[in-house]
Amino acid sequence: MRDWQQYVREHLGSSGLGRAEDEDIAGELAGHLEECYESFQVQGLTEDEAFLRTCEQTGNWKELRREVILARQEGMMADRVKQLWIPSLLSLLISWTMLALILWVGIRPLIWHEGPPWSVIVYVPWLMFLPFVGAAGAYLSRRAQWTGWRPYVAGAFPALAMGCVVLMILPFSFIVDPQIVPGLRFASVAAAAVSWVVLPGIALCIGVAFQGMAQKTSR
Amino acid sequence: MIRTEFKRGTAELAVLSVLEEGPLHGYEIGRRIEEQSGGKLRYTLAALYPLLYRMEKRGWLRGDWETGETGKRRRCYRLLAQGRKVLTPMRAEWADLFRAMRRVGKVSHA
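These protein sequences, in sequence, are chains H and X. Basically my numbering = 1-based index in the first sequence + 318. Basically my numbering = 1-based index in the second sequence + 29.
Next up, chain X with everything else stripped away, as it sits in the complex:
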């Protein structure tokens, strides 16, 4: 399992990336990230929701209450144009970081 300090920095990119595939509610966001990272990235509520609220305030996402097929009300998050705009440079920054760490930290896989 990856340490909390490392995970914290990755959360923005992870959330934006899974929302790029389509709108999801909070639980689904967490589950998709966990699934796609092979269980390595798992966020608690304390990490996930404050981040979602912050990203919403920045205009990267929008959360709307929706009633699903089961009749349950869930807050569904959608990626907004502003979020899409920050995703590309964010990915480039992470790629730069991985390349740098490969050289400096002798990390074999990034």
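Chain H with its partners taken away, still in its complex shape:
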């Protein structure tokens, strides 16, 4: 009895797509070769002849490996776009459009510890709207079969993007104005992080969590 799974694994090697993918591919190709081998034996070929004829069916192993990886990766990239990038960019666009609308209308923010450099600014209507944005991002991500913690990335993407901006401000501020006392500099960055990353992040994650619970209940 030949171990075709082992034979395929030896020739194909690791695809670099992960263990589960490798097992899936090897299992399918091994099944094909096994059927081939058995049919040659039914036709009256000896074990060795059947083995040689079966091996001819594979074609070039290098080409097979390359083509399989390309085909699987092509799908993975398309999946990532549907699962991550579209929901993330959509939630970012909606949340920033909403914020721009609030600023345009002229709604005043709640300001905690008024006076620069470290005021925490909260646009309450915007924060109240953000759970819906998080839920929409998570819904799109889960609809594209993304599970676990990943819909949180898509739903909370506006806060993550703002986090990156805030992190970039800190070193930039050293260049622009080196005179500022370090304590004040860090305090202002921390206040910005609370205003634009932590509070919006919490609001977005609440939406993601509720959407997940609603989806589970509806099943």
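Simulated from the structure, these hints should not be mistaken for laboratory data. Since we're looking at a predicted model, the values are computed, not measured. Among the hints, erroneous ones may be present.
What the hints assert, rightly or not - No more than 25 Å apart at the CA atoms, straight line, and that leaves these computed lysine-lysine pairs for PhoX-like:
1. H/Lys380 <-> X/Lys86
2. X/Lys69 <-> H/Lys400
3. X/Lys135 <-> X/Lys69
4. X/Lys101 <-> X/Lys69
5. H/Lys400 <-> X/Lys135
6. H/Lys534 <-> H/Lys400
Claimed, not checked - From chain H, some residues computed to sit far from chain X (all C-beta separations above 12 Å):
7. Met395
8. Ile404
9. Trp430
Said to hold, decoys possible - Using C-beta positions, here's what the derived DEER-type ranges look like:
10. X/Gly88 <-> H/Gly362: 38 to 44 Å
11. H/Ser536 <-> X/Gly68: 48 to 54 Å
12. H/Phe504 <-> X/Val115: 57 to 63 Å
13. H/Gln391 <-> X/Arg71: 26 to 32 Å
14. H/Ile520 <-> X/Arg91: 38 to 44 Å
15. H/Pro443 <-> X/Gly97: 57 to 63 Å
16. H/Thr415 <-> X/Glu122: 39 to 45 Å
17. H/Ala532 <-> X/Glu49: 36 to 42 Å
18. X/Val136 <-> H/Leu408: 49 to 55 Å
C-beta atoms are modelled at their ideal positions from N, C-alpha and C, and glycine is treated no differently.
Start from chain H and add chain X according to the hints.
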């Protein structure tokens, strides 16, 4: 035997056509194509499986692991609605190509 370059273009239509008759696993797909083409179209694993994976990603087919009567696990492919949808214009395109080649290349049978 038909040359590899020619066969490559025919594979999508051949796979979709045999799956139109019902779900099949990879080996059966290859065998049916070979049988129905009178042995003229024979695909290696390197040609068949990457194509199946691509068609699956496009939403034309779906592959599911199933355990057969012999107890062996095989990945069985089914034609999806999207695959059926592309099959008709694909056939029309091939018919156009054959007609054109009959005129230009003096091919007697298509």
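Hint by hint, here is what the structure shows:
no.: 1; hint: H/Lys380 <-> X/Lys86; result: holds (22 Å)
no.: 2; hint: X/Lys69 <-> H/Lys400; result: violated (40 Å)
no.: 3; hint: X/Lys135 <-> X/Lys69; result: holds (21 Å)
no.: 4; hint: X/Lys101 <-> X/Lys69; result: violated (29 Å)
no.: 5; hint: H/Lys400 <-> X/Lys135; result: violated (48 Å)
no.: 6; hint: H/Lys534 <-> H/Lys400; result: holds (21 Å)
no.: 7; hint: Met395; result: violated (10 Å)
no.: 8; hint: Ile404; result: holds (16 Å)
no.: 9; hint: Trp430; result: holds (50 Å)
no.: 10; hint: X/Gly88 <-> H/Gly362: 38 to 44 Å; result: holds (42 Å)
no.: 11; hint: H/Ser536 <-> X/Gly68: 48 to 54 Å; result: holds (53 Å)
no.: 12; hint: H/Phe504 <-> X/Val115: 57 to 63 Å; result: holds (59 Å)
no.: 13; hint: H/Gln391 <-> X/Arg71: 26 to 32 Å; result: holds (27 Å)
no.: 14; hint: H/Ile520 <-> X/Arg91: 38 to 44 Å; result: holds (40 Å)
no.: 15; hint: H/Pro443 <-> X/Gly97: 57 to 63 Å; result: holds (60 Å)
no.: 16; hint: H/Thr415 <-> X/Glu122: 39 to 45 Å; result: holds (43 Å)
no.: 17; hint: H/Ala532 <-> X/Glu49: 36 to 42 Å; result: holds (39 Å)
no.: 18; hint: X/Val136 <-> H/Leu408: 49 to 55 Å; result: holds (52 Å)
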